Amino acid sequence: MNLLVTGGAGFIGSHFIKHIINTHPTYQVINFDALTYAGNLDNVVEVSHLSRYHFVKGDIADRGAVLAVMNEYDIDAVINFAAESHVDKSIEGPDVFVRTNVLGTQTLLHAALENNIKRFIQISTDEVYGSLGAEGYFTEKTPLAPNSPYSASKASADLIVRSYFETFNMNVNITRCSNNYGPNQNSEKLIPLMISKAIAGEKLPVYGSGLNVRDWLHVKDHCQAIDDVLHKGKPGEVYNIGGDNEWTNIDIVRKILNELKASEELITFVTDRKGHDHRYAIDPAKITAELGWKPQYEFSEGLIETINWYKSRLVLESAE
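Under full-length UniProt numbering, think of the first position of the sequence shown as 1, with each following residue one higher.
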């Protein structure tokens with residue numbers, strides 16, 4: 001297989017590329033990334049020397065660039081990770097989210113259609129479902145009810161992907177994951193932000209009361225799930241990918257502080273985010289029943305591994 005992985009220099013995309021290279025020795029991977037602030041080629045340095053890996057700098061909303069890379073490498077499948085993904089940034093400036101997440105996805109889809117590409121997988125988010133109360137879970141049948149410009153742009157992209165299955169009989173899948181964590185994540189996200197600030201002895205900003213609930217999924221478990229969808233997913237289906245691992249934000253922060261032996265006095269509660277969803281929780285029963293996927297990482301072990309990775313990185317940076 002020749003896989004076009006868009007957004008492959010980002011957090012999840014880079015882990016997926018390394019997963020594919022290590023798991024499927026005959027596959028060729030083309031990493032197509034615009035290298036915005038969230039993209040870093042250091043994330044894929046371990047595979048950059050391999051003949052089966054290629055990097056092409058490009059924007060998924062640039063039709064000419066997308067067609068060129070598809071034609072050059074005879075692509076079999078597209079896995080679209082490319083997205084603007086930080087909610088706070090979408091509140092400050094939603095325009096780029098609509099351009100990349102909506103127009104970019106449609107540009108990729110139509111180029112894939114014109115090139116008769118066999119598979120298209122859209123990497124989405126549980127945020128498209130909106131907010132949950134204290135009980136219940138998101139399933140693939142939960143209505144879309146996004147509450148931020150970011151999640152609205154991802155929901156819009158999902159609907160466009162669905163339309164290409166219904167209208168053009170294109171072989172597509174949509175995956176919707178819960179919050180990912182693990183090495184290499186951008187420092188704007190909760191877990192790496194809190195780790196880096198705690199190590200530095202700085203104040204840890206926590207939105208509102210810190211009682212917002214998220215379901216946490218190790219990025220490597222997510223990559224295996226996408227691999228399973230790529231090879232076994234049924235055309236047109238949506239698959240929710242969750243860790244069955246709910247925590248309040250404040251408890252996550254306390255676990256990080258405890259592991260680093262830092263004081264909880266570093267916690268500073270700040271004005272809550274606009275439109276802040278209270279709770280996300282995914283029911284992964286469908287992907288487990290149909291494709292046999294289950295998360296393998298135990299959260300406490302995965303979090304310690306992640307903390308140690310960031311500690312090691314800060315040591316290396318201080319030595320340079």
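No lab work stands behind these hints, which were simulated from the structure alone. The structure displayed is predicted, hence computed values, not measured ones. Hints should not be assumed to be uniformly reliable.
Beta-carbon label-pair distances, calculated as ranges [claimed, not checked]:
| id | residue 1 | residue 2 | range |
| --- | --- | --- | --- |
| 1 | K189 | E135 | 21 to 29 Å |
| 2 | S51 | P143 | 42 to 50 Å |
| 3 | S209 | S263 | 14 to 22 Å |
| 4 | H231 | D42 | 50 to 58 Å |
| 5 | T139 | K118 | 48 to 56 Å |
| 6 | R313 | R52 | 40 to 48 Å |
| 7 | R63 | Y27 | 19 to 27 Å |
| 8 | S163 | E135 | 18 to 26 Å |
| 9 | S209 | E166 | 36 to 44 Å |
| 10 | N258 | G133 | 49 to 57 Å |
For each residue, glycine too, the CB sits at the ideal point set by N, CA and C.
Structure-based check of all given hints:
Remark: the range hint 21 to 29 Å for K189 to E135 is upheld by a beta-carbon distance near 27 Å. At about 46 Å, the CB distance of S51 to P143 agrees with the hint of 42 to 50 Å. For S209 and S263, the Cβ-Cβ distance of about 20 Å falls inside the hinted range of 14 to 22 Å, so the restraint holds. For H231 and D42, the hinted distance range of 50 to 58 Å is not satisfied, since their beta carbons lie about 29 Å from each other.
Between T139 and K118, the C-beta spacing of about 28 Å breaks the proposed range 48 to 56 Å. The supplied range of 40 to 48 Å is broken by R313 and R52, whose beta-carbon atoms lie about 27 Å from each other. Between R63 and Y27 the C-beta distance comes to about 26 Å, which sits within the given range of 19 to 27 Å. A C-beta distance of roughly 33 Å is found between S163 and E135, which places it outside the suggested range of 18 to 26 Å.
Evaluation of the 36 to 44 Å hint for S209 and E166 yields a pass: the beta carbon distance comes to about 43 Å. For the pair N258 and G133, the supplied restraint of 49 to 57 Å is violated, since their beta-carbon distance comes to about 29 Å.
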